[in-house]
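Asker: Chain by chain, the residues:
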Amino acid sequence: MKNISIIMSLGFFFCISSLPTRSETLVTDLSQHVIEITSQFSGSELLLFGALERHAMESIQSDEIAVQGLDYDIIVVVRSDPTDLMIRKKKRVAGIWINNENQMVRGVPGYYLVGSTRPLNEFLSKEDQIELELGLENIKIVNENNEGIGDYKDALIRNMKARGLYRESSGNITVKNEILFRANLEFPSNMPVGDYKADVYLVRDGNVIINHRTDLLVDKRGFERFIYNFAHDHPAYYGIMAIIVALSAGLFTGFVARKIS
Amino acid sequence: MQIYLPIAELSMNIFVLLAMGGSVGFLSGMFGVGGGFLMTPLLIFAGIPPAIAVATEANQITAASVSGAVAHWRRGGVDFKMGTVLIGGGLVGTYFGAMIFTYLREIGQVDLMISLAYVIFLGSIGGLMFVESVRSILKARRGEITKSVRRQRTWVDALPFKMRFRKSKMYISAIMPITIGCLVGVLAAIMGVGGGFVMVPAMIYLLHMPTNVVIGTSLFQITFVTAAATYFHSINTQTVDVVLAVTLLTAAVVGAQIGAVVGAKLKGEQLRILLAGMVLLVCAKMAFDLVVEPDDLFTISTIGLGRQ
Numbered sequence: 016m017k018n019i020s021i022i023m024s025l026g027f028f029f030c031i032s033s034l035p036t037r038s039e040t041l042v043t044d045l046s047q048h049v050i051e052i053t054s055q056f057s058g059s060e061l062l063l064f065g066a067l068e069r070h071a072m073e074s075i076q077s078d079e080i081a082v083q084g085l086d087y088d089i090i091v092v093v094r095s096d097p098t099d100l101m102i103r104k105k106k107r108v109a110g111i112w113i114n115n116e117n118q119m120v121r122g123v124p125g126y127y128l129v130g131s132t133r134p135l136n137e138f139l140s141k142e143d144q145i146e147l148e149l150g151l152e153n154i155k156i157v158n159e160n161n162e163g164i165g166d167y168k169d170a171l172i173r174n175m176k177a178r179g180l181y182r183e184s185s186g187n188i189t190v191k192n193e194i195l196f197r198a199n200l201e202f203p204s205n206m207p208v209g210d211y212k213a214d215v216y217l218v219r220d221g222n223v224i225i226n227h228r229t230d231l232l233v234d235k236r237g238f239e240r241f242i243y244n245f246a247h248d249h250p251a252y253y254g255i256m257a258i259i260v261a262l263s264a265g266l267f268t269g270f271v272a273r274k275i276s
Numbered sequence: 008m009q010i011y012l013p014i015a016e017l018s019m020n021i022f023v024l025l026a027m028g029g030s031v032g033f034l035s036g037m038f039g040v041g042g043g044f045l046m047t048p049l050l051i052f053a054g055i056p057p058a059i060a061v062a063t064e065a066n067q068i069t070a071a072s073v074s075g076a077v078a079h080w081r082r083g084g085v086d087f088k089m090g091t092v093l094i095g096g097g098l099v100g101t102y103f104g105a106m107i108f109t110y111l112r113e114i115g116q117v118d119l120m121i122s123l124a125y126v127i128f129l130g131s132i133g134g135l136m137f138v139e140s141v142r143s144i145l146k147a148r149r150g151e152i153t154k155s156v157r158r159q160r161t162w163v164d165a166l167p168f169k170m171r172f173r174k175s176k177m178y179i180s181a182i183m184p185i186t187i188g189c190l191v192g193v194l195a196a197i198m199g200v201g202g203g204f205v206m207v208p209a210m211i212y213l214l215h216m217p218t219n220v221v222i223g224t225s226l227f228q229i230t231f232v233t234a235a236a237t238y239f240h241s242i243n244t245q246t247v248d249v250v251l252a253v254t255l256l257t258a259a260v261v262g263a264q265i266g267a268v269v270g271a272k273l274k275g276e277q278l279r280i281l282l283a284g285m286v287l288l289v290c291a292k293m294a295f296d297l298v299v300e301p302d303d304l305f306t307i308s309t310i311g312l313g314r315q
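Taken in order, these protein sequences are the chains called A and B. Remember, our numbering sits 15 above the position in the first sequence when you count from 1. Remember, our numbering sits 7 above the position in the second sequence when you count from 1.
Keep in mind that the hints were calculated from the coordinates and are not lab data. Built from N, CA and C at the ideal position, the CB exists for glycine as well. Treat each hint with caution, since some may be false.
Label-pair restraints from in silico Cβ distances [as the list claims (entries may be wrong)]:
hint	chain 1	residue 1	chain 2	residue 2	range
1	A	Arg273	B	Gln277	21 to 27 Å
2	B	Val268	A	Gly237	28 to 34 Å
3	A	Asn158	B	Glu300	23 to 29 Å
4	B	Lys169	A	Glu159	57 to 63 Å
5	B	Gln9	A	Asn199	18 to 24 Å
6	A	Asn158	B	Gly275	57 to 63 Å
Partial list, derived from the structure: chain B residues whose beta carbon lies under 10 Å from chain A [stated by the list, open to error]:
hint	residue
7	Ile10
8	Ala15
9	Leu17
10	Thr69
11	Ala71
12	Gly75
13	Ala76
14	Asp118
15	Ser143
16	Thr186
17	His215
18	Pro217
19	Ala234
20	Tyr238
21	Val247
Below, computed lysine-lysine pairings styled on DSS-like, alpha-carbon distance capped at 25 Å [what the hints assert, rightly or not]:
hint	chain 1	residue 1	chain 2	residue 2
22	A	Lys155	A	Lys235
23	A	Lys155	A	Lys141
24	B	Lys88	A	Lys104
25	A	Lys105	B	Lys292
With the hints as constraints, model all of the structure from the sequences given.
Answerer: What follows is the structure, encoded as C-alpha cells:
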C-alpha cells in the first residue's frame with residue numbers, strides 16, 4: 016500500500032510539474048450569438064473563430080512547438096436542443112407503398128454540424144468519438160427501450176443530411192500560424208429554433224485537452240414570431256383571422272379587377 | 008427573392024409561389040373550381056409538408072372562391088337557398104374530415120390517405136367527365152341536336168323532405184344536396200380542395216341543376232366550407248400558414264379574374280374535357296407515386312410522438 020501511494024503521489028507531482036509546459040488556453044467566439052429568422056431568412060452563415068494561447072510553451076520549448084504545431088487538431092460541433100423524432104419505414108402492401116413500421120428516438124439533435132481539421136479517425140480514438148458524440152455515426156440514436164435501431168439510425172442520418180440539418184466535413188477549419196483558427200458554419204432555412212451549443216475541442220496526441228462552449232440562440236423575430244406564436248397560443252382567433260384575411264383579400268382583388276375591366 | 012414561411016418553418020422563392028398561385032388561379036377562374044386539386048399536390052411537390060399544404064390551401068381557396076362567388080352573384084348565378092342547404096351538410100362534413108385528418112396525421116398515414124383520396128376521386132370523376140364530354144362533342148360533330156328531353160324520374164325524386172328551389176326551378180329532396188355538401192366538406196378538410204370537381208358534376212348529373220347557377224352556387228358553398236376547414240385545422244393542428252396563403256392568393260385572385268373572362272368564351276363541352284384531362288393527369292401522377300418504390304423507404308417527422 017505504501018508503495019502505491021508513493022507512486023501515486025509521484026505521478027501527481029509529475030503531472031503538476033509538467034503542466035506549465037502543457038498549458039494552453041482556448042478562446043473562441045461566434046460572429047453572431049443570435050440568428051434571427053425574419054421574412055427574408057434563407058439560411059445563415061456564421062463564423063466561428065478562436066485563438067490558442069500557449070504561454071508557458073512559447074518560452075520554454077519554442078523550438079519544439081514549431082515542429083509540433085500540427086499536432087493540434089480542432090473539432091467544432093454545433094448542436095440544437097435535443098428533440099424527439101419519429102422514423103417510419105414504408106412497406107409494399109397490396110401493390111402500394113405505405114408506412115408500416117416505426118421507431119421513435121428521443122433526445123437526438125434537430126441540427127448537428129461537425130467540422131474538424133482532419134478526418135476524426137486520424138487523430139481521435141473511436142471510444143472518445145463515441146463518448147463525446149463526435150461525428151454523425153457517433154451520435155447516440157437509440158429507441159425508447161435504449162436499443163440500437165440499425166437501419167433506422169442510418170435512415171435518420173441520411174434524411175437529416177439530405178435536409179441540410181446534419182452536416183459533417185473535415186478540413187474545413189483553417190488554422191493560421193498555428194494560433195488562430197476559423198470555421199464557417201452553415202445553417203439552412205429549415206433549421207429548428209431554440210438554444211444551440213457550439214463546442215470547440217482542442218485535441219493533442221489523441222487526447223481532448225480543452226473544450227470551450229459558446230451559446231447560440233436561434234429565434235423567430237418580428238412578424239414571423241408573431242404569426243407563429245399567435246397560431247400556437249390562440250388557435251381559434253388565428254383561424255378566424257386567417258378567414259378574415261382570405262375573405263377581404265378575395266373581395267378586395269375582385270373589386271379592383273372589376274374596376275380595371 | 009426568398010420568403011420565410013413561419014408555420015411551415017422553411018423559406019421559398021416568392022416568385023415560384025406567385026407563379027404557382029397565378030396559374031392555378033387562372034384555371035380555377037376558367038373552370039369554376041377552387042383549384043385546390045392542383046395547388047395542394049404542387050405545394051407538396053415543392054416541399055411543403057402535406058398537412059400544411061392541405062390546411063393552407065383551404066385558407067387560400069376561401070379567398071379565390073369568394074371573389075368568384077361575388078362575380079357570379081352579380082350575374083345572378085347563385086342559388087342562395089341551395090347554397091345554404093349545401094353549406095349545412097358541408098359544415099358537418101368538414102368537422103368530421105378535420106377529425107379524421109388529425110387522427111391519421113398522428114398515426115403517420117395522412118400522406119397515404121391524401122394520395123388515395125386523390126386517386127379515387129379524381130380518377131372516377133375525371134373519367135366520367137371525360138367520357139361524357141367526348142360523347143357530347145362527337146354527337147355535336149354528327150350534327151345531332153341534344154334535345155332537352157324531359158328528364159326521367161329516378162330514385163332521387165322519391166326521397167322525402169322536399170324543398171322548393173326557385174332560382175334553380177327545382178323541387179327536390181333536401182337529403183341529396185345535404186349529402187353532397189357533407190361529402191364535399193370531408194374532401195375539403197382532408198384533401199385541401201374546394202371540392203368543385205365533385206360538386207359541379209354532382210349538381211349537373213345528380214341534382215340536374217340548370218348550368219347557369221351551378222358554378223356560382225358551388226363557389227358560394229366552397230367559400231364557407233373552406234373557411235370552416237381553415238378554422239378546424241387552425242384549432243386541431245396549427246397547420247394553416249397565413250403568409251403562404253396570402254402569397255398564393257394574391258396571385259390566384261388576379262389569375263382567377265382573367266380565367267373567368269377566358270372561360271366565358273369557351274364552350275361547356277370544351278371546358279369540361281379540358282378539366283377532365285387535367286383531373287386525370289393529377290390522378291395518374293398520384294397513382295404512379297403510390298406504386299413506384301420510393302427512393303427512400305424511411306421518413307422522419309416530429310409528428311405522432313404523443314400516441315404510440
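Asker: All the hints need checking, so say for each whether the structure fits it.
Answerer: Results of checking the hints against the structure:
1. A beta carbon spacing of about 26 Å between A/Arg273 and B/Gln277 agrees with the range 21 to 27 Å that was offered as a hint.
2. At about 39 Å, the CB distance of B/Val268 to A/Gly237 disagrees with the hint of 28 to 34 Å.
3. Range check, A/Asn158 to B/Glu300: about 25 Å between beta-carbon atoms, so the 23 to 29 Å window is met.
4. Hint check: B/Lys169 to A/Glu159, Cβ distance near 58 Å, so the stated range 57 to 63 Å holds.
5. About 20 Å separates the C-beta atoms of B/Gln9 and A/Asn199, a value consistent with the hinted range of 18 to 24 Å.
6. Hint check: A/Asn158 to B/Gly275, Cβ distance near 58 Å, so the stated range 57 to 63 Å holds.
7. Checking B/Ile10 against chain A: minimum C-beta separation of about 6 Å stays under 10 Å; hint holds.
8. A cut of 10 Å between beta carbons decides the hint on B/Ala15: the least distance to chain A is about 9 Å, and the hint holds.
9. Interface restraint check for B/Leu17: the shortest CB-CB distance to chain A comes to about 4 Å, inside 10 Å, so the restraint holds.
10. The criterion of a C-beta within 10 Å of any C-beta in chain A is met by B/Thr69, whose closest approach is roughly 4 Å, and the hint holds.
11. The criterion of a C-beta within 10 Å of any C-beta in chain A is met by B/Ala71, whose closest approach is roughly 7 Å, and the hint holds.
12. The restraint placing B/Gly75 at the interface with chain A holds, with a minimum CB-CB distance near 8 Å, inside the 10 Å limit.
13. A hinted interface residue such as B/Ala76 counts as satisfied when its beta carbon comes closer than 10 Å to some beta carbon of chain A; here the least separation is about 9 Å, so the hint holds.
14. Nearest Cβ of chain A to the Cβ of B/Asp118: about 8 Å, under the 10 Å cut. The hint holds.
15. For B/Ser143, the suggested interface contact is broken, since its CB lies about 31 Å from the closest CB of chain A, more than 10 Å.
16. A cut of 10 Å between beta carbons decides the hint on B/Thr186: the least distance to chain A is about 25 Å, and the hint is violated.
17. With a least beta-carbon distance of about 30 Å to chain A, the hint placing B/His215 at the interface is violated under the 10 Å criterion.
18. Evaluation of the B/Pro217 hint against chain A yields a violated restraint, the C-beta minimum of about 24 Å exceeding 10 Å.
19. Against a cut-off of 10 Å between C-beta atoms, the interface hint on B/Ala234 holds, since the closest Cβ of chain A lies about 5 Å away.
20. Because the beta carbon of B/Tyr238 sits about 4 Å from the nearest beta carbon in chain A, less than 10 Å, this interface hint is met.
21. Contact between B/Val247 and chain A, as hinted, is supported at the beta carbon level, the nearest pair being about 5 Å apart and thus within 10 Å.
22. Between A/Lys155 and A/Lys235 the alpha-carbon distance is near 28 Å, which puts this suggested pair outside the 25 Å criterion.
23. Restraint check for A/Lys155 and A/Lys141: satisfied, since their Cα atoms lie roughly 14 Å apart, inside the 25 Å limit.
24. Distance hint between B/Lys88 and A/Lys104 is unfulfilled; the C-alpha atoms sit about 49 Å from each other, more than 25 Å.
25. A hinted pair counts as satisfied when its Cα atoms are at most 25 Å apart, and A/Lys105 with B/Lys292 qualifies at roughly 19 Å.
Figure legend: structure checked against the earlier numbered hints; hints not met, in rising order: 2, 15, 16, 17, 18, 22 and 24.
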